[in-house]
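*Asks:* Chain by chain, the residues run as shown.
Protein chains: 2
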Amino acid sequence: MRLFHVVFLSTVCLASLMPPAFAQTQTSSHTSILGFAGSSVAHEIEVENKFKAIPSPDEERRQHRIFTAEPHVAGSARNNELARYIADQWRNEGLEDVVIRRYDVYGSNPISTSLEMVAPVRYRATLREMPIPGDLDSKNKSISSAWSGMSASGEVTSPLVYAHSGNPEDYEYLRKQGIDVKGKVVLVRYSNPYSYRGFKALTAQREGAAAILIYSDPAEDGYKKGKVDPNGPWGPEYHIQRGAITYDFMVPGDPLTPGWASVPGAKRISPNEAVSIPKIMALPLSWHDAKPLLANMDGPLAPADWQGGLPIKYHLGGNRVRVHVKIEMDDSTQPYYVVEGRIRGAQLPDEWIVLGNHRDAWVFGGVDPSSGTASMMELTRALGKLAKEGVRPRRTIVVCSWDGEEVGLTGSTEWGEQFANELRERAVAYINVDEATSGSDFHGQAVASLAPMLVETTHSLQDPSGRSLYEAWKASAARESSETRSGSVTDSNLADTRIGSGSDHTVFLNFIGMPVLGLGFEGPYGVYHSAYDDFFWVNHFGDPGYRYHTLMSQLWGVLALRLANADLFPFDFASYAANIRQFVNEMSRGKDMSQLDLKPVLDAVDGFEAAGTRLNESMSRTLKAGVLNPELAETVNHGTMQVERNWLNPDGIPGRPWFKHILYGARFTYAHLELPGLTEAVEKQDWPTAKQQAEILRQALDNNTKLLNELSAALKGEKGEPQ
Amino acid sequence: MRLFHVVFLSTVCLASLMPPAFAQTQTSSHTSILGFAGSSVAHEIEVENKFKAIPSPDEERRQHRIFTAEPHVAGSARNNELARYIADQWRNEGLEDVVIRRYDVYGSNPISTSLEMVAPVRYRATLREMPIPGDLDSKNKSISSAWSGMSASGEVTSPLVYAHSGNPEDYEYLRKQGIDVKGKVVLVRYSNPYSYRGFKALTAQREGAAAILIYSDPAEDGYKKGKVDPNGPWGPEYHIQRGAITYDFMVPGDPLTPGWASVPGAKRISPNEAVSIPKIMALPLSWHDAKPLLANMDGPLAPADWQGGLPIKYHLGGNRVRVHVKIEMDDSTQPYYVVEGRIRGAQLPDEWIVLGNHRDAWVFGGVDPSSGTASMMELTRALGKLAKEGVRPRRTIVVCSWDGEEVGLTGSTEWGEQFANELRERAVAYINVDEATSGSDFHGQAVASLAPMLVETTHSLQDPSGRSLYEAWKASAARESSETRSGSVTDSNLADTRIGSGSDHTVFLNFIGMPVLGLGFEGPYGVYHSAYDDFFWVNHFGDPGYRYHTLMSQLWGVLALRLANADLFPFDFASYAANIRQFVNEMSRGKDMSQLDLKPVLDAVDGFEAAGTRLNESMSRTLKAGVLNPELAETVNHGTMQVERNWLNPDGIPGRPWFKHILYGARFTYAHLELPGLTEAVEKQDWPTAKQQAEILRQALDNNTKLLNELSAALKGEKGEPQ
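Chains as they are written, first to last, in this note's numbering: chain A, 85 to 807; chain B, 85 to 807.
Calculated from the structure, these hints are not laboratory results.
In this text the structure is predicted, and so the values were computed from the model without any measurement.
Each hint should be verified, as a subset may be incorrect.
Each pair may be met inside one copy or between any two copies, as identical chains are not told apart.
[Stated by the list, open to error] Dumping the calculated DSS-like pairs for lysine-lysine here, alpha-carbon to alpha-carbon at most 27 Å: (1) K800 to K469; (2) K311 to K397; (3) K469 to K351; (4) K260 to K675; (5) K134 to K472.
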């Protein structure tokens with residue numbers, strides 16, 4: 085699963101807020117590495133260089149071909165075969181404790197889908213993607229027709245309404261035009277602005293619509309953007325963006341086991357009680373199938389910004405065009421399979437760095453997710469090779485191939501729920517790679533405490549353009565920033581610290597309280613979730629030389645190695661504090677804010693920042709001094725591991741108990757949502773809840789301040805109390 | 085690995101000491117089951133009946149053939165192939181989380197072994213086992229020659245001394261006869277009385293011998309006992325009892341990772357520091373190869389009880405017979421593989437019943453261990469079938485196929501060391517089956533708290549003789565008891581509660597503090613650890629109809645299911661107390677016992693017994709009342725799980741820190757040793773240590789008394805304090 089990354093772009097400039105310790109490091113990446121004692125740096129660089137020399141473009145391409153050879157949707161025989169393939173490969177490569185974990189989940193597979201315009205003229209939608217010249221895979225007989233994961237089953241014949249992007253304000257506009265959608269079928273487009281299709285479905289369901297049709301307008305990802313496949317990267321006439329409409333913004337994973345693992349035999353709630361199962365029929369359409377519907381509509385002319393890229397006048401409809409929608413889904417329980425392996429740490433095997441990528445694809449998954457899967461396979465080959473040579477990380481690196489990410493982040497959620505206790509005790513961080521490579525622009529996400537180490541690491545990698553990855557990243561970020569007029573790019577806002585949902589990091593960040601990182605190379609990508617997202621597309625547009633795939637394996641692995649080998653974890657809590665202050669300030673720009681006294685929170689942020697700065701200095705001094713007492717290192721590391729857990733509120737955010745992180749959340753649209761409980765309360769002007777959420781935030785800040793001060797004291801050889 | 089069980093036979097009559105609750109249950113096994121609420125019994129019986137109906141003799145035989153088709157010593161390609169076979173079978177059968185865990189251990193494999201008598205005549209020992217008529221497997225070219233696991237490498241030409249059974253008193257006798265073994269080669273027999281061959285090796289090493297030859301005298305397991313293979317179950321002329329001489333009574337498992345897991349990349353000590361690696365050469369011999377040596381010996385005539393079953397006069401030697409021994413071992417690191425799978429519990433997945441059997445065999449392993457492996461495969465097939473039908477245990481059943489048991493209990497020890505924390509938190513009990521079936525006499529071992537539930541369970545199983553297994557067990561125990569004149573057999577001494585070492589239960593009991601059970605059907609078995617312990621032998625003598633194999637699968641599974649499904653764990657601590665009192669009384673029969681005041685310990689035993697009786701009554705009342713509050717059940721069960729852990733002393737027993745259990749230990753001979761730290765101190769007349777050990781015992785008893793009283797109070801709805 086993947087989001088158009090533009091909604092994640094941070095528009096914040098934090099440069100002036102960064103602590104000096106961080107700024108220093110960036111200029112001396114060859115002689116120091118965040119978290120490493122002076123005496124450890126040379127060895128770490130040697131290990132990283134050995135590691136980076138292993139992944140090769142040929143091998144990336146070979147693996148990519150294996151994963152893109154056939155459609156492999158979650159639950160399919162081919163996807164399960166690929167699970168066994170990965171397990172076998174990992175065992176041969178030398179990974180340890182390779183195991184295929186099974187989760188029995190609520191299935192959602194199409195038995196039949198059909199759409200027909202019955203008035204004013206008959207048109208039976210093809211719901212298919214026609215082969216395109218040169219791409220043999222596009223002729224594959226196993227390509228599915230159009231369907232939406234988690235659609236309800238049913239049948240309706242009803243007028244069709246054009247509801248623009250299907251967001252609440254669109255229905256507001258329709259209402260003002262006297263158009264009611266109750267019992268009708270709504271036709272919406274995917275973007276403009278982007279929102280998660282599940283949010284569109286929920287909105288339509290709330291409005292009382294009988295079904296929702298979601299199509300790809302050429303203005304968004306087709307010929308209005310540029311050349312279309314096979315002549316360019318954009319989506320051709322017949323491309324269908326499949327996808328699930330699961331209400332996983334309420335609770336992800338198997339809808340019938342909310343908050344616990346759907347291991348075989350687990351207790352299940354009934355589908356009626358499951359808040360994440362939509363009650364509305366949904367179907368995705370190519371513009372080829374949407375055009376006859378739009379062209380025949382009556383009703384008022386749609387406003388200018390509702391007009392799309394097709395050479396017709398878009399009307400609001402609601403009367404003349406009637407459609408017959410019939411959808412039959414198989415919702416029987418089916419197994420999903422997560423493959424898990426590890427390179428066991430030589431010295432601290434019970435501290436885990438977790439890496440993951442999903443395996444299931446809507447069709448071939450050229451970019452999403454098989455570019456990431458290929459990069460993962462080269463990463464594991466390289467780690468296994470080093471381990472066989474006796475070069476083993478200090479801590480354990482756990483690698484997982486998720487299943488059912490496309491359906492509801494299902495495999496990672498169930499795995500995380502199953503091992504929540506172990507992970508809260510042992511996990512250092514989770515590094516997610518979903519779509520590794522649709523182009524050459526790096527996009528790196530991290531919780532704010534790991535942003536500095538992410539930026540630092542990119543200095544050590546070579547971009548195919550000849551520059552360091554850091555330079556290339558900064559250049560593409562500056563270009564994007566000037567396009568979106570979002571201010572200057574600096575080391576401190578280069579990494580995206582705004583983390584929403586939509587991929588497998590969700591359970592780790594929001595349910596378990598693990599620091600997360602997310603990595604991807606991006607470019608123009610109009611074939612997302614269609615059958616055209618395949619081997620051909622990647623070889624012609626996404627990454628013809630597989631050089632970015634190779635770079636991804638290197639980057640992912642070096643980040644994992646740094647976390648696995650560090651003397652002291654490279655968390656920067658002064659950076660975290662600066663981000664939190666920014667989040668609070670943004671949130672406080674709402675109206676009627678005089679109702680809420682934010683001074684205690686802002687004071688607590690100041691305290692946390694001071695503690696973070698002090699800890700940065702203590703750590704830096706200790707690391708420079710050279711030899712580190714292992715017991716002291718353990719105390720400090722177990723302490724800093726705890727900080728992210730302390731951002732969890734066991735009760736969750738109001739109305740969504742599964743989402744426990746008080747700094748990071750996501751809107752129903754999947755967009756990032758900082759301080760979710762507090763922000764939503766403020767937006768609703770629910771001041772009692774806002775006060776309570778602010779108090780929870782203040783307490784968490786104070787707890788972490790106390791913890792950091794204890795760690796600083798321990799580093800100074802003192803006991804416990806703040807200085 | 086296996087011991088002649090006779091050394092384990094309990095000679096204790098505890099009938100008069102048993103609490104009434106236990107005695108009652110035995111007469112009403114159809115309407116009540118220890119640990120089950122009245123309302124749960126019918127369902128449990130239904131599940132057990134379904135389970136018992138699945139294992140079949142044909143399938144047991146089919147599996148047994150697969151495991152006995154080729155030699156499969158630890159570390160061999162065939163044994164590793166069998167690990168993969170088991171993993172594949174389990175995955176197909178529906179077990180979850182099947183994983184092959186790898187341990188890199190100090191290897192011990194023969195490159196070459198040779199023995200030649202160089203004076204007074206030349207005789208080159210065959211060191212081979214000749215084929216026998218009718219047994220095609222005995223012609224297998226892959227059968228190894230004679231070798232001892234963990235023998236030192238070296239070469240010596242020296243006089244040969246006959247040292248009887250190679251125990252310390254035997255060398256004492258030789259010394260009195262003026263015979264010194266320093267620098268010489270000693271020839272000893274396996275039994276008379278039995279002691280573990282590693283203890284013989286250590287004794288010879290301490291005496292300064294250059295090498296030890298250990299042979300099978302026909303008086304012990306050959307023609308003096310009865311008809312030999314292929315005409316009977318006893319060992320033929322050429323049979324060689326292979327085996328390891330590892331000093332695993334000091335610390336089991338990989339010698340280079342004492343106390344931690346030898347996962348790939350783990351830190352290792354040097355072989356010189358490893359206390360469990362012998363420094364002496366060793367070789368096992370058939371009587372065919374021993375006879376020419378014995379026949380040519382000079383020196384004094386050996387005493388009457390040193391004379392054996394060969395038609396010669398046994399002399400002490402030391403002069404005329406000179407032998408050349410040359411042994412070259414490969415001690416390079418090699419991987420061992422433990423296969424792990426589970427049926428995940430439907431309600432309490434984090435409470436584990438662990439079952440295990442070793443896979444590695446000296447040659448074919450007809451009885452040892454493949455009879456157990458076949459029974460395990462039928463057990464897992466049955467559990468998997470039930471799970472597929474939705475009949476799943478409440479708790480998780482973990483099943484493991486161990487590796488390298490024959491070398492030093494290696495696989496189970498490494499696995500136990502790796503997961504010690506998890507097991508201490510989650511494990512309810514471990515049920516070991518090593519040699520499942522060499523005959524029809526049941527031998528059941530259990531820590532004293534589980535003895536009552538073991539005895540009760542045998543009422544529910546049908547012995548092939550037509551009686552219940554309970555009746556058959558009691559009859560064979562009574563026969564054996566009358567042969568050994570060890571007193572009458574009652575329900576309370578039927579189960580063997582004296583647990584030494586020599587199989588895979590060791591790490592769980594002695595290092596982790598888990599209650600253990602051990603199961604086996606026994607009979608005349610003279611081919612132990614020889615190539616003749618094979619499919620042919622089992623089909624002609626051990627269990628021709630595979631009915632005892634089938635019964636073993638049923639019994640093993642029903643025990644696991646009772647522990648997995650019980651409302652309250654069926655621990656009987658009054659039974660434990662009665663056993664401990666017996667242990668203390670036996671220990672106190674030594675000399676000079678006035679030096680040690682045992683009254684505080686005996687008072688503490690009384691207190692523990694009273695608390696155990698009270699808890700038995702409270703549990704019984706609660707279970708009869710019917711509906712059980714799940715939180716209360718969890719409190720009580722987590723409490724009673726803790727009792728066995730509380731018998732651990734983190735410092736271990738004096739001189740052997742790995743062995744932490746203060747009630748159960750083993751002598752260097754592998755024989756059971758109750759109250760090991762205290763008993764050894766008393767035997768050495770080391771009164772300061774004895775006082776300290778007695779105090780440790782008293783404290784552990786008091787802690788458990790307090791715990792049991794708290795649980796009784798909780799069951800009565802009160803808080804905490806003893807009544």
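*Asks:* For every hint, state whether the structure bears it out.
*Replies:* Hints and how they fare:
In this assembly of identical chains, K800 and K469 lie within 27 Å of each other by CA distance neither inside one copy nor across copies; the values are 40 Å within and 60 Å between. Taking CA atoms no more than 27 Å apart as the test, K311 paired with K397 passes inside one copy only; the shortest distance there is 23 Å, against 101 Å between copies. Taking the shortest alpha-carbon separations for K469 and K351, only the inter-copy value of 19 Å comes in at or below 27 Å, while the best intra-copy value is 41 Å. Taking identical chains as interchangeable, the C-alpha atoms of K260 and K675 lie at most 27 Å apart only when both belong to the same chain, with a minimum of 25 Å there against 103 Å between chains.
Taking identical chains as interchangeable, the C-alpha atoms of K134 and K472 lie at most 27 Å apart only when both belong to the same chain, with a minimum of 13 Å there against 47 Å between chains.
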